[in-house]
Amino acid sequence: MMIYILEINQQGNLQIPSEVLPQLKPHTQYQLEIQGETLILRPHKEQAFWATATPSQRVARFKDWATQTERPEAPALTDDALSRETIYD
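Mapping of the sequence shown onto my numbering: residues 150 to 238, in sequence order.
Keep in mind that the hints were calculated from the coordinates and are not lab data. Keep in mind that the hints are not guaranteed to be accurate.
Each pair of labels, with its calculated beta carbon distance range [claimed, not checked]:
{"no.": "1", "residue 1": "Asn162", "residue 2": "Thr187", "range": "15 to 25 Å"}
{"no.": "2", "residue 1": "Met151", "residue 2": "Ile189", "range": "17 to 27 Å"}
{"no.": "3", "residue 1": "Ser167", "residue 2": "Leu188", "range": "24 to 34 Å"}
{"no.": "4", "residue 1": "Ile189", "residue 2": "Ser167", "range": "46 to 56 Å"}
{"no.": "5", "residue 1": "Leu173", "residue 2": "Ile152", "range": "18 to 28 Å"}
{"no.": "6", "residue 1": "Ala209", "residue 2": "Tyr153", "range": "45 to 55 Å"}
{"no.": "7", "residue 1": "Thr177", "residue 2": "Thr227", "range": "55 to 65 Å"}
{"no.": "8", "residue 1": "Leu173", "residue 2": "Trp199", "range": "25 to 35 Å"}
{"no.": "9", "residue 1": "Gln160", "residue 2": "Ile189", "range": "42 to 52 Å"}
{"no.": "10", "residue 1": "Glu168", "residue 2": "His193", "range": "14 to 24 Å"}
{"no.": "11", "residue 1": "Ala197", "residue 2": "Tyr153", "range": "46 to 56 Å"}
This one's a predicted model, so the numbers in the text were calculated from it and none came from an experiment. Idealized CB from N, CA, C, for every residue including glycine.
Kindly generate the complete structure, drawing on both the sequences and the hints.
See below:
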């Protein structure tokens with residue numbers, strides 16, 4: 150087991166030597182979990198909008214989508230086509 154000492158620089162950045170985590174790509178984001186005196190870094194997985202949005206945010210997003218979506222031209226339905234008597238024909 151290797152032990153490394155990490156230090157926070159003047160900008161507040163924690164720098165981890167590349168030999169510690171060689172498989173990581175630049176700009177990979179991590180979430181920091183604190184458990185007592187232990188810090189745990191886990192790769193950040195961005196959640197889908199629907200998983201974190203409130204109902205009102207989902208409604209607003211749907212309305213935005215509906216107004217921005219192009220719809221094909223379609224002929225209007227006649228009153229006869231929508232009447233209860235002919236709807237099951």
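Evaluation of the provided hints:
One distance hint, 15 to 25 Å for the beta-carbon pair Asn162 and Thr187, holds here, with the actual separation near 20 Å. Taken as a hint, the range 17 to 27 Å holds for the pair Met151 and Ile189, whose Cβ atoms sit roughly 18 Å apart. At roughly 19 Å, the beta-carbon separation of Ser167 and Leu188 lies outside the given 24 to 34 Å, and the hint is violated. In this structure the supplied range 46 to 56 Å is violated for Ile189 paired with Ser167, their Cβ-Cβ distance being about 20 Å.
A beta carbon spacing of about 19 Å between Leu173 and Ile152 agrees with the range 18 to 28 Å that was offered as a hint. Here the CB-CB span from Ala209 to Tyr153 is close to 47 Å, well matched to the stated 45 to 55 Å. Checked against the hint of 55 to 65 Å, the C-beta distance between Thr177 and Thr227 comes to roughly 59 Å, which is consistent with it. Range check, Leu173 to Trp199: about 29 Å between beta-carbon atoms, so the 25 to 35 Å window is met.
For Gln160 and Ile189, the Cβ-Cβ distance of about 23 Å falls outside the hinted range of 42 to 52 Å, so the restraint is violated. Here the CB-CB span from Glu168 to His193 is close to 22 Å, well matched to the stated 14 to 24 Å. The hinted range of 46 to 56 Å is not satisfied by Ala197 and Tyr153, whose Cβ atoms lie roughly 35 Å apart.
The structure is inconsistent with the numbered hints 3, 4, 9 and 11, although it conforms to all the rest.
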